[in-house]
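Visitor: Chains as they are written, first to last, in our numbering: chain A, 413 to 536; chain B, 103 to 217.
If you are wondering where the hints come from, they were derived from the structure by calculation, not from laboratory data.
Please note: incorrect hints may appear among the correct ones.
Cut-off 20 Å, straight-line C-alpha distance, at most; resulting in silico cross-link-like pairs (DMTMM-like, lysine to aspartate or glutamate) [as the list claims (entries may be wrong)]:
(1) A:K415 / B:E146
(2) B:K159 / B:E146
(3) B:K159 / B:D199
(4) A:K464 / B:E205
(5) A:K415 / A:D479
(6) B:K116 / B:E180
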Amino acid sequence: DAKTTQPTSMDCAEGRAANLPCNHSTISGNEYVYWYRQIHSQGPQYIIHGLKNNETNEMASLIITEDRKSSTLILPHATLRDTAVYYCIVRAPSLRLQAQLWSRFKAAGNKLTFGGGTRVLVKP
Amino acid sequence: DTGVSQNPRHKITKRGQNVTFRCDPISEHNRLYWYRQTLGQGPEFLTYFQNEAQLEKSRLLSDRFSAERPKGSFSTLEIQRTEQGDSAMYLCASSLDDRGTYEQYFGPGTRLTVT
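Pulled out of the complex, with its shape left as it was, chain A reads as follows:
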């Protein structure tokens, strides 16, 4: 799986948009960008994922550059409860789909590889 680079930490004002960058310059054509977050003393929580189109759900928006070498997670109206460590992860589709569609390629595996993440502090 491609490696990602994120800022170590960032602050955000409550009620404002939080823009979290992630660099993944070595991303391969079939690799997705995933975002998870981990609130203190809890397990990681899935936020959103995308391949090349921008994605939006009830939690956040994901903007992926045209060359796919970087992406930005946007929390549109940050609240104090959004204070967490945010992880950007790049990985290929699961083993089973790869085996079905591209059997000549080596399977990527199924684990999530977490880096250090960005520690986001939302301030009142």
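With chain A's structure known, arrange chain B on it following the hints.
Guide: Then chain B, alone, in the frame of chain A:
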């Protein structure tokens, strides 16, 4: 609450003792994962199951560690002869692999302290 439960939530044990953790995934999920997380670090993959088959193990999973998922539902992670370096949060996650892209749903974790 993601629907993934882990027990116990906290475990304190003395070095050399054996410990066992349990994970109950979301009922329809066929994949189950174990991760370990030490203070200040992101979670690290240990192993995963598809149904009852253990398909991948990390190099972090030494001979003292064993994981099972006997009926393709709940899973147990056992650590034998615990060492202080085993102190960490042990996280379980589950997913439903039906489209190739998937989200993993994590439990709250079991915090292990080895004294």
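Visitor: Could you run down the list of hints and mark each one as holding or not?
Guide: Going through the hints against the structure:
1. Under the criterion of a C-alpha separation no larger than 20 Å, the hint pairing A:K415 with B:E146 is consistent with the structure, at around 14 Å.
2. In summary, the hint linking B:K159 to B:E146 is supported, as the alpha carbons are separated by about 11 Å, within the 20 Å threshold.
3. At most 20 Å may separate the alpha-carbon atoms for a hinted pair to count; B:K159 and B:D199 meet this at roughly 18 Å.
4. Pair hint A:K464 plus B:E205 holds up; C-alpha atoms about 17 Å apart against a cutoff of 20 Å.
5. A hinted pair counts as satisfied when its Cα atoms are at most 20 Å apart, and A:K415 with A:D479 qualifies at roughly 16 Å.
6. Using a Cα cut-off of 20 Å, the hinted pair B:K116 and B:E180 holds, with the two alpha carbons roughly 15 Å apart.
Going down the numbered hints, you'll see the structure goes against none, and every one checks out.
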